[in-house]
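These protein sequence lines map, in sequence, to chains A and B. Just so we're aligned: the first sequence equals residues 1 to 301 in my numbering. Just so we're aligned: the second sequence equals residues 302 to 627 in my numbering.
Any given hint could be a false lead.
With a cut-off of at most 25 Å between alpha-carbon atoms, the simulated SDA-like pairs for lysine to any residue come out as follows [to be verified]: (1) B/K620 - B/T544; (2) A/K111 - B/S331; (3) B/K336 - A/P195; (4) A/K191 - A/A157; (5) B/K619 - A/F158; (6) A/K179 - A/I96; (7) B/K431 - A/C20; (8) B/K431 - A/N21; (9) B/K368 - A/L142; (10) B/K619 - A/L122; (11) A/K198 - B/Q435; (12) A/K111 - A/L194.
Covered, in the sense of this in silico footprint (three residues per stretch, anywhere, with C-beta under 8 Å from a C-beta of chain B), are these stretches of chain A [as the list claims (entries may be wrong)]: (13) 20-32; (14) 47-60; (15) 76-84; (16) 101-108; (17) 184-198; (18) 273-286.
Keep in mind that the hints were calculated from the coordinates and are not lab data. Glycine is no exception: its CB is placed at the ideal position from the N, C-alpha and C atoms.
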Amino acid sequence: MASSSKAFNDTRGDKIFNICNFILMTVILIITLYPFLNVLAISFNDSTDTVRGGIYIWPREFTLENYKTIFNYSSLITGFKITIYRTVLGTVLGLISASMLAYTLSRPDFKSRKFVSTFLALTMYFSGGLVPTYMLMRHLDLIGTFWIYILPGIVSAFNVFIIRSFIDGLPYALQESAKLDGANDFTIYYKVILPLCKPVLATIALFLAVGQWNSWFDTYLYNGNKAHLTTLQYELMKILQSTNQGARMTNANDMANMMAQVSPESIKMAITIVVTVPILIVYPFLQRYFVDGMTLGAVKA
Amino acid sequence: METLSPRPETKNVSATPKPPKKRKTGFWRSILQQKYLYLMSMPFVIWLFVFNYLPVWGWTMAFQKYKPSKSFSEQEWVGFKNFVDLFQDERFYLVLRNTLAMSLMGLVAGFVIPITFAVLLNELRGKYFKRTVQTVSYLPHFVSWVVVGGIITKMLSIDGGIVNDLLVSLNIINEPIQFMAQGKWFWGIVTASDVWKETGWNAIIYLAAITGIDKELYEAARVDGAGRFRQIWNITLPGIRTTISVLLIMSIGHLIGIGFEKQFQLSNSLVTDYSEVLDLYALNYGINISRFSYGTAISMFTSVVSIILLLTANGIMKKTTKESIM
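Based on the sequences and whatever the hints tell you, model everything.
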């Protein structure tokens with residue numbers, strides 16, 4: 001069938017394939033986007049009108065009231081603050097640790113390279129598990145503190161290996177000439193390597209920031225009853241689940257829970273948008289970088 | 302792991318430059334020569350030791366009747382009692398069933414769908430449309446499970462959820478289905494949510510691998526009269542085989558340690574018999590009611606089985622396809 005019309009660029013089979021593929025991809029596009037558009041539409045719709053249902057991708061009675069209401073949730077404001085702190089601090093410290101380790105591992109003459117590399121790689125394949133980790137945090141007195149959000153995740157093997165593959169791709173001669181100029185290893189790292197690593201650092205920064213911004217479990221597990229250390233996703237979780245599954249909120253802060261119980265659908269959706277949008281604004285600009293980063297990581301890891 | 306643990310500390314102590322007492326050996330001299338490299342790596346090695354390796358020491362709790370108020374030497378040792386209790390608990394088998402069911406479904410869907418998506422996206426004509434689909438496909442990856450849980454619950458709800466609305470208007474069903482309230486739907490919902498969230502992201506690696514395939518192979522195949530499906534089957538898929546096997550080994554290692562975020566966010570009290578996975582079981586029976594030793598036994602079981610699965614998968618792959626991760 002295909003061989004009969006070789007002279008043409010596309011055979012008939014090709015054309016049918018292209019059309020089917022186009023339709024399939026359009027369906028995938030819709031399935032991916034629809035839920036977000038739906039949430040967005042509901043968040044801009046009058047909250048009493050929303051109850052009537054039937055809102056798909058366009059608000060029926062447009063209002064900004066839901067977004068104004070959010071500012072009354074004081075726990076959400078705290079959540080915002082804590083989440084921004086942990087995102088900034090966690091990202092900066094994570095970048096420092098990953099880039100330093102990656103640099104030392106990229107040095108073929110580093111005497112303990114093999115040991116550090118193995119020690120790091122092993123952490124990707126095993127873990128002590130949920131309960132032993134919890135007990136460790138208890139022994140370290142980190143429960144009920146802000147630092148529990150930052151300290152356990154500072155070193156990530158996956159990030160180190162991505163940066164390492166990137167550094168391996170840089171010309172080694174740059175380091176050698178710097179060395180001849182009398183630079184020590186730290187200066188080479190700081191002055192030569194780091195500036196060249198900007199693209200991969202942007203990728204890792206995105207990974208770290210998204211991880212910090214989106215995490216809720218550490219708050220639930222360690223700081224569930226500390227209202228001043230609450231995070232955005234955890235507050236959102238309490239609000240989202242307030243009507244359908246209030247029963248599980250044993251750890252939850254009672255006062256916030258009571259407030260959450262009365263929040264209607266439209267306000268829930270407005271909060272969802274507020275919590276989600278910061279990251280959705282950033283990622284398309286970093287797309288080029290993280291696609292390369294993921295690819296590098298896959299090749300090495 | 303245990304043999305490795307004391308090393309970083311001794312190393313670090315010696316890394317701090319102290320006046321040499323005796324004649325320096327080659328080892329110490331090399332450390333001094335590379336002191337910046339050691340200063341830049343050893344603090345993090347210690348960090349890893351504390352936060353990633355020390356919890357393994359915590360496994361000793363599984364063999365004790367652990368009381369937080371007592372010191373390590375005062376703890377009462379009970380041998381394998383916690384494991385015997387665990388293996389005699391009927392709930393454990395239910396939880397294990399849920400874990401395996403959801404991870405196997407996730408494994409199959411999490412491979413077949415992203416690979417298919419990557420292959421089809423690669424075949425897509427129209428540069429801008431292709432790029433749009435790709436950018437949009439990453440979007441759900443950046444959203445937390447809290448939000449995804451909320452979105453999925455919304456989409457599947459009986460009042461105004463798009464899924465029920467569509468099914469009813471297409472006359473496939475007469476009454477809206479209470480998806481979230483019935484246990485039999487739960488595994489499917491978790492798998493579908495995961496596919497919705499991660500397909501685009503997981504396809505990145507396959508797309509990159511496909512880009513690396515020699516274009517001349519396709520030209521040659523076309524000259525020989527191979528259609529699109531034949532080209533996909535005989536060139537594209539073999540071309541990304543290495544990538545597939547490496548990722549498969551990694552996933553098999555995570556078969557029973559599948560995490561619990563999605564289960565936690567999508568479940569409710571009506572479906573716990575289908576939603577409880579090992580980590581949630583450890584959370585509920587270990588931490589929330591302070592049975593730390595029992596919880597540790599669950600965690601230890603999960604970790605050990607994961608390592609065994611990983612090594613087995615790696616071994617099998619090494620034999621059959623010569624791919625391996627270690």
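>> Tell me the hint numbers this structure goes against, listed in increasing order.
In response: 15
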